[in-house]
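**Q** Chains as they are written, first to last, in this note's numbering: chain A, 1 to 337; chain B, 338 to 674; chain C, 675 to 1011; chain D, 1012 to 1348.
These are calculated hints, taken from the structure and not from any lab test. Heads up, the beta-carbon is just placed ideally off N, CA and C, and yes, glycines get one too. Certain hints may be false.
What the hints assert, rightly or not - Below, in silico cross-link-like pairs of lysine-lysine (DSBU-like), each with a Cα-Cα straight-line distance of 30 Å or less: (1) C:Lys-817 <-> D:Lys-1245; (2) B:Lys-559 <-> A:Lys-166; (3) A:Lys-234 <-> B:Lys-586; (4) C:Lys-923 <-> D:Lys-1177; (5) B:Lys-477 <-> A:Lys-234; (6) A:Lys-143 <-> C:Lys-817; (7) B:Lys-340 <-> C:Lys-718; (8) B:Lys-559 <-> B:Lys-660; (9) D:Lys-1154 <-> C:Lys-908; (10) B:Lys-477 <-> B:Lys-639; (11) C:Lys-908 <-> D:Lys-1151; (12) B:Lys-559 <-> A:Lys-323; (13) B:Lys-340 <-> B:Lys-452; (14) D:Lys-1014 <-> A:Lys-5; (15) A:Lys-302 <-> D:Lys-1055; (16) D:Lys-1313 <-> A:Lys-44.
Said to hold, decoys possible - Negatives, chain A to chain D, calculated, CB over 10 Å: (17) Arg-16; (18) Val-17; (19) Val-39; (20) Lys-44; (21) Asn-63; (22) Thr-102; (23) Asn-131; (24) Leu-138; (25) Phe-278; (26) Asn-328.
Protein chains: 4
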Amino acid sequence: MNKIKIGIIGAGRIGRVHANALTNSIPQAEVVAISDTFVQSAEKAAADFGIPEFFADYHEILNDPTIDAVLVCSPTNTHAQITIEAANAGKHIFCEKPVDLTIERILEAKTAAEKAGVKLQIGFNRRFDHNFNRIHRLAKDGKLGDLQILRITSRDPEPPSAEYAKNSGGMFLDMTIHDFDMAYFLADSEVEEVFAATAVTVDPAIGAAGDIDTAVVTLRFKNGAIGVIDNCRKAAYGYDQRVEYFGTKGAAIAENDRETNVTVADADAVRSDKPLYFFLERYMQSFREELCQFIDAILNDKPVPVNIEDGLRPIRIALAAKKSALENRPVRLSEIN
Amino acid sequence: MNKIKIGIIGAGRIGRVHANALTNSIPQAEVVAISDTFVQSAEKAAADFGIPEFFADYHEILNDPTIDAVLVCSPTNTHAQITIEAANAGKHIFCEKPVDLTIERILEAKTAAEKAGVKLQIGFNRRFDHNFNRIHRLAKDGKLGDLQILRITSRDPEPPSAEYAKNSGGMFLDMTIHDFDMAYFLADSEVEEVFAATAVTVDPAIGAAGDIDTAVVTLRFKNGAIGVIDNCRKAAYGYDQRVEYFGTKGAAIAENDRETNVTVADADAVRSDKPLYFFLERYMQSFREELCQFIDAILNDKPVPVNIEDGLRPIRIALAAKKSALENRPVRLSEIN
Amino acid sequence: MNKIKIGIIGAGRIGRVHANALTNSIPQAEVVAISDTFVQSAEKAAADFGIPEFFADYHEILNDPTIDAVLVCSPTNTHAQITIEAANAGKHIFCEKPVDLTIERILEAKTAAEKAGVKLQIGFNRRFDHNFNRIHRLAKDGKLGDLQILRITSRDPEPPSAEYAKNSGGMFLDMTIHDFDMAYFLADSEVEEVFAATAVTVDPAIGAAGDIDTAVVTLRFKNGAIGVIDNCRKAAYGYDQRVEYFGTKGAAIAENDRETNVTVADADAVRSDKPLYFFLERYMQSFREELCQFIDAILNDKPVPVNIEDGLRPIRIALAAKKSALENRPVRLSEIN
Amino acid sequence: MNKIKIGIIGAGRIGRVHANALTNSIPQAEVVAISDTFVQSAEKAAADFGIPEFFADYHEILNDPTIDAVLVCSPTNTHAQITIEAANAGKHIFCEKPVDLTIERILEAKTAAEKAGVKLQIGFNRRFDHNFNRIHRLAKDGKLGDLQILRITSRDPEPPSAEYAKNSGGMFLDMTIHDFDMAYFLADSEVEEVFAATAVTVDPAIGAAGDIDTAVVTLRFKNGAIGVIDNCRKAAYGYDQRVEYFGTKGAAIAENDRETNVTVADADAVRSDKPLYFFLERYMQSFREELCQFIDAILNDKPVPVNIEDGLRPIRIALAAKKSALENRPVRLSEIN
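So that you can see chain A by itself, here it is in the shape it has in the complex (with noise of 0.2 Å):
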């Protein structure tokens, strides 16, 4: 077997989950490099996951012949640009979602890609989670009927901080973006219209910083159905994870996973497990996923299962989502360009 040779850019949590999965559980791929500015994380993990080299400057691995493919798992605002050089190096690109916050950014980084006849897939791990592929796949099936309504919950364990909330573009780029991406994998259909009604209601000092942390984002989709997202940055129980889809025929709905099913009955109450406490317990089997269908798709010249307009998508929605909450009024897509 020719197996996939990877290097991977960032050696943060992501990468790290990355290396982790590839390593282990993707017999043919192999992590060949590993790269980050801040070069000991890049040095651990190395040794963590047994990967041969290790640079702190991420054109070594997109100067290196032997390297196949790049997963771009550094800073956002790097996204782009790594993008655009690891195309222009041909290299097969797994970028991590977001590409970039302005839709120019990306659109330029979709032309590399193009230009240079390379895979280029982006990071939305969710669609790959078992319990929402599940209501994807009865969807596709016809078995809920025609979309009425999709209902979104997204719910943070905790909030980040008020500095990390003023450099991330805004909760709607930043957290919702997720869920953007999969109301349209849902409703196989295009929003085109957003009303956002935002709060601050878990810390002062988001607001202070100019962001919001509580939200409920309605969509219309040209489909004719209304979707929903509820998002906060903080629930006391967790990380809330839910979907319903309610379609003419029946609804689906996903609960979110917990670590046990086991349930505790005393004399206060019956007791079951909280959810998963956050996207990395939650998501691990959707991130060896995704990435085993990008190395299928190189492998097989295969189209890629999120491309690069299923990254530009969910951006527009959340600038349209974010002009919605400042004018106080239904926005358009057609209104962002």
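Following the hints, put chains B, C and D in place on chain A, whose structure we already have.
**A** Relative to the frame of chain A, chains B, C and D by itself:
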């Protein structure tokens, strides 16, 4: 024990529900007369529930000086008129919701009751439902912290006829009105702004009649929380009545009630019961409880648990929702007089 | 409509439950008298439920020729005697379980009722419970295939006093008797052999009084299936009443009923309600339903749904279980005369 | 890091499960050889998991001085022999359950391992299952109080062939043995007496082969609690693996694991997933965890988590259960030598 003597005006479905509850479960009350313009209905109810007298004309009830209180269960467009006449006749009044579809008439009814010094309770029975009442108490007791997001799902098992829809004042006044009341009851805060996204996904004839059958309504509460109601005139699986109170200390979720707690596992799936069929099945206990408290308010001269202000508020929200849907913009309650 | 005139003998807890059900929910019946050796109880029940007459001596009821039927709700050791006298007086009889703790007396009651040609129904109310009745129908309709294993869990929220335990005939005759009836009802097959493993895990005083408070009882049914009942006089979390019918086509599981369907998620756990507190809360609907069917059997001269054979069977199984526990061996029902 | 060098003896289903876990998830171990009398199986496993060497004869593994430990995954009737030889060769041993169907041979294996001073762990993987392990910890931590009743439900999705059943030592030694281990593990108390009620409800051919396919086994623990295991070789709905620990402070119930947490509500019912199909799906995580702890015991010279006593105990209980079923009486463990 001195029993409260009751006359029921209207012997349709809800009139019979109340007659049954009063006759069988509320020993402090005695139904002494029932009327219906379709007198055979009154006669049948009288026979079924052992009510001594029945009439075609409700004035016979109003003119009977031995009667302490009346239940107004006639068609909606007669509620205000009968309420006013009953107040003038010195009867305590339990009036089914809505009192009227216009604010003016509701205010007239209010004035009449105040002038007459009679009790006037509105039939928002869902406040007394075991599930929603539990959430209300949890919130009141501070167990859930400050409200962040309130979600109400309310879907019917079968749509009304387009003919009915046309004369109902529209879905917001006919169906969502219960949810608007629930939103206030649980949030314990006034609604300041409404945005309604609507669709016709069930029956095009309802759309042709100028109404809608599907909606997602976003509410901004005075206390800073956000509410969202999703409605549909038809759910394939039946009557869906859920609530989620998401607060800073925790979330409380009311799931649907079912006929049994039996699950059946076979070669296909693990199956449990669908929700109880419709409001008569689901809310039977709450219909009884609201009357118990009405009788108690009369007997012990206490404030009624759902007063005319509570009857007025959801009408205003519904009118704002209609306006929002029509103009596709958020509408402030202050715009509705 | 000709109402069945009823006298209730015994104004304790269960007598009041039946009085309430008959008065409020069963229009075809009319409670005309109630008696209790502690006459204040009878007087209070008469006042509470609007029963015209009350007595200390139940013979006043038996001697009243206008009374059609009696409910025997007196202490267990008087059931057989009163049943025989009532039969001789030509009354239809609803007798609380158990008819007696000895087979001989039950057979005497049977003979008396047969000779008099009166209906005699035994109060195994749980057959009418919505959950268990659903499983019964699923089984009857062949949805579950042939029974393989039947599991019954039956645990009380609080143990009786040791004094009570001593005079109750023991846990098998006092508590498990309901489960023995349920086993037959659901398996639709006679029990041929019993093995009882017992323990004292709740209250040593119960053990000192010669009784047990914990048991696992294995049943062999004539149809080849195996049954298992687990009992405890106290569960920390309350009244636990579950059943599992495991058949060749599928399994049906009845979970406990709860007061609400609200779950609360907070920083500690996800909590739901404990089971309904005890039999008065859990089985209220079944107490009403068994009387409805009793009245119907009289009115329409139909067989009663739970007859004297049904009253005898669980006594025999309970006696076999006692013998099994004493001798630590499986005991065949044929050993019990 | 010094990796533990492992040889796997037996390249069947469970050998491959372990090879996969070691290769992909346990970096402290390295599988250097695999053997199978059917050498093509060894060859294929070597290729699939990147194992450098494969053999037909396991002695090649035992004779390799660089190998630290072996996994005995061969047919049951060779376990004891290979374990003894491996001990004599100075290898640490992980032996699949059961070590043997006779007590004598298990004791010989025990003696050999003790004499050689090697680690010997038995493959009772279910102790490492997330659900059962949670209950174990709750019990250990005193959260559930003293055990009163322990219930284990263990049902397979498909029965073995009658041919297999005939050579398996019978259902108690082949299937229930896991449940006997679980009973001890959770009760933390020795079993003193066993009563087994058995039936053939799945396949008459299994009965004709002298085995049974359905059982309810009652256990008396030394601590006074009662245990009950119900088994069936086939459940229509799949692999049913539940446990209930009922203690004086509370009850903990482990429900089945499912592939997703999606429920689908339609016009027929509310459906959720069936349990995970069989032990490979359900217990994958526990197979990995038991090996992690085996490697850890070797690396850090700690006691193995499941020792040879743990391997012996369930065999004795199984033999008592067989005797109980044969003689239809409770059998004390002291009768089994």
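**Q** Evaluate each hint against the coordinates.
**A** How the hints compare with the structure:
1. Taking the CA atoms of Lys-817 (chain C) and Lys-1245 (chain D), the gap is about 17 Å. The hint holds against a cut of 30 Å.
2. Distance check on the hinted pair: Lys-559 (chain B) and Lys-166 (chain A) sit about 27 Å apart at the alpha-carbon level, within 30 Å; holds.
3. Between the alpha carbons of Lys-234 (chain A) and Lys-586 (chain B) the distance comes to roughly 10 Å, so the proposed pair stays at or under 30 Å and holds.
4. A hinted pair counts as satisfied when its Cα atoms are at most 30 Å apart, and Lys-923 (chain C) with Lys-1177 (chain D) qualifies at roughly 26 Å.
5. Of the pairs offered as hints, the one joining Lys-477 (chain B) and Lys-234 (chain A) holds, with about 22 Å between alpha carbons and a cut-off of 30 Å not exceeded.
6. Restraint check: the Cα-Cα separation between Lys-143 (chain A) and Lys-817 (chain C) comes to about 24 Å, which is no more than 30 Å; the hinted pair holds.
7. For a cut-off of 30 Å, the pair hint linking Lys-340 (chain B) to Lys-718 (chain C) stands: about 18 Å separates their Cα positions.
8. At most 30 Å may separate the alpha-carbon atoms for a hinted pair to count; Lys-559 (chain B) and Lys-660 (chain B) meet this at roughly 20 Å.
9. About 17 Å separates the Cα atoms of Lys-1154 (chain D) and Lys-908 (chain C), which keeps this hinted pair within 30 Å; it holds.
10. For the hint linking Lys-477 (chain B) to Lys-639 (chain B), the alpha-carbon distance of about 20 Å falls within 30 Å, and the restraint holds.
11. Distance restraint check for Lys-908 (chain C) and Lys-1151 (chain D): the Cα-Cα separation of roughly 22 Å lies within the 30 Å cut-off, and the hinted pair is therefore satisfied.
12. A distance of roughly 23 Å separates the Cα atoms of Lys-559 (chain B) and Lys-323 (chain A); the hinted pair therefore holds under the 30 Å criterion.
13. Taking the CA atoms of Lys-340 (chain B) and Lys-452 (chain B), the gap is about 25 Å. The hint holds against a cut of 30 Å.
14. Only pairs whose Cα atoms come within 30 Å are accepted, and Lys-1014 (chain D) paired with Lys-5 (chain A) is accepted, the gap being roughly 25 Å.
15. For the suggested pair Lys-302 (chain A) and Lys-1055 (chain D), the alpha carbons sit about 28 Å apart, so the restraint of at most 30 Å is met.
16. Of the supplied pair hints, the one linking Lys-1313 (chain D) and Lys-44 (chain A) holds, its CA atoms being roughly 28 Å apart against a limit of 30 Å.
17. For Arg-16 (chain A), the condition that its CB be more than 10 Å from all CB atoms of chain D holds, with the nearest at approximately 14 Å.
18. Once the 10 Å rule is applied to beta carbons, Val-17 (chain A) is consistent with being away from chain D; the minimum gap is 15 Å.
19. With 10 Å as the threshold on Cβ separation, the claim that Val-39 (chain A) sits away from chain D holds: the shortest Cβ distance comes to roughly 22 Å.
20. With a cut of 10 Å on Cβ distances, Lys-44 (chain A) stays outside the contact zone with chain D, its closest approach being about 14 Å.
21. Consistency note on Asn-63 (chain A): stated as away from chain D, and its beta-carbon is indeed over 10 Å from all of that chain's, at 29 Å minimum.
22. For Thr-102 (chain A), the requirement that its beta carbon stay farther than 10 Å from each beta carbon of chain D is met, with the minimum near 36 Å.
23. Not every C-beta of chain D lies more than 10 Å from that of Asn-131 (chain A), the closest at about 5 Å, which undercuts listing it as non-interface.
24. Under the 10 Å C-beta cut-off, the non-interface status given to Leu-138 (chain A) relative to chain D is violated; the minimum distance is some 7 Å.
25. Listed as outside the interface, Phe-278 (chain A) is consistent with that label: its C-beta sits roughly 17 Å from the nearest C-beta of chain D, beyond the 10 Å cut-off.
26. Interface exclusion of Asn-328 (chain A) from chain D stands, the closest Cβ pair being 35 Å apart, more than 10 Å.
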